[in-house]
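> Can you build the whole structure from these sequences, using the hints too?
So for the sequence shown, my numbering puts the first residue at 6; every next one is plus one.
These are computed hints drawn from the structure, not numbers from a lab.
Any given hint could turn out to be false.
Unchecked claim - List of simulated lysine to aspartate or glutamate pairs, DMTMM-like, C-alpha gap at most 20 Å:
(1) K164 <-> E272
(2) K225 <-> D249
(3) K238 <-> E260
(4) K238 <-> D263
(5) K238 <-> E202
(6) K164 <-> E202
(7) K238 <-> D142
(8) K164 <-> E136
(9) K164 <-> D142
(10) K164 <-> E135
(11) K164 <-> D127
(12) K225 <-> E202
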Amino acid sequence: MLIGACYGALLLAAFVFQSRLVYFPNVPTRAVGPDPDSIGLAFRRLDILTEDRVSLVAWHVPASDPRGTVLFFHGNAGDISHRLESLRHFNELGLATLIFDYRGYGQSAGEISEAGIYRDADAVWRHLTEEMGTPPDRIVLFGRSLGAAVAAYVAGRQKPGALILESGFVSLPDLGAGIYPWLPVRWLARIRFPAAEFLQSATCPVLVIHSRDDEIIPFKQGVRLHAAARPPKEFLEIRGGHNDGFLVSEGRYLEGLDTFVAAALGE
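Following this line, the structure appears as structure tokens:
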């Protein structure tokens, strides 16, 4: 009886407090760190208002005679200041970047929620296309980890030039069921981020990037995500952990990005 009561309490806690298992805006801290200036990149800070009146902080990092613009969706921990190496990579590839913090992250206002993050993504897409005048077919949606699901959400609703999903998952319940096989995760899940489902409506070229060494999101999640995408699609296998694979495999990684972007944007 005691074991059953403890298990029941665990299920209740997992249901009620699951947002604390998913979102980590304070890791390593909520304070925003260095900006692109610190690595020699010019940038402009933007304040973007969502449909439900939440103010989001974004950075626009231009490129000289850009091939296109990357709309960057980061993962579930940290903020935009922790993605400087990626901003450098895209700049080296001749791509401008618009990166932003979801509500409740960094200096963005509001409280974190799955529905709210989708509203944030919609608002930033509108700002990039309508306020900044960027043609949709010159936009490369890029999502890393949880951000891959957000990027897939936008790709399923809009007509971007390309979609890149790095270290992503099929859905959060599917990922959780593999990590916690002793819990009825699919039944408990209130937070879903169904990336593979969103991909069914995406018509742009897709690149899925994943490492066999990923210790947080298994390689097979990336394989299944690629399988869910419509053609044309590519898969780039890299080495390294969940948070450093793009650096460990930098040469192969940048070459793969460059080749895919060139083909997707018709260069």
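> All the hints need checking, so say for each whether the structure fits it.
Hints versus structure:
1. K164 <-> E272: holds (18 Å)
2. K225 <-> D249: Status holds; Cα separation ~18 Å.
3. K238 <-> E260: holds (16 Å)
4. K238 <-> D263: It holds: about 15 Å lies between the C-alpha atoms, which stays within 20 Å.
5. K238 <-> E202: Distance of about 16 Å is within 20 Å: holds.
6. K164 <-> E202: holds (17 Å)
7. K238 <-> D142: Answer holds: K238 to D142 is near 16 Å, not above 20 Å.
8. K164 <-> E136: Cα-Cα ~17 Å, so holds.
9. K164 <-> D142: holds (7 Å)
10. K164 <-> E135: Holds - the C-alpha atoms of E135 and K164 are around 14 Å apart, at most 20 Å.
11. K164 <-> D127: This hinted pair holds, its Cα atoms lying about 13 Å apart.
12. K225 <-> E202: Holds. K225 to E202 sits at ~17 Å (cutoff 20 Å).
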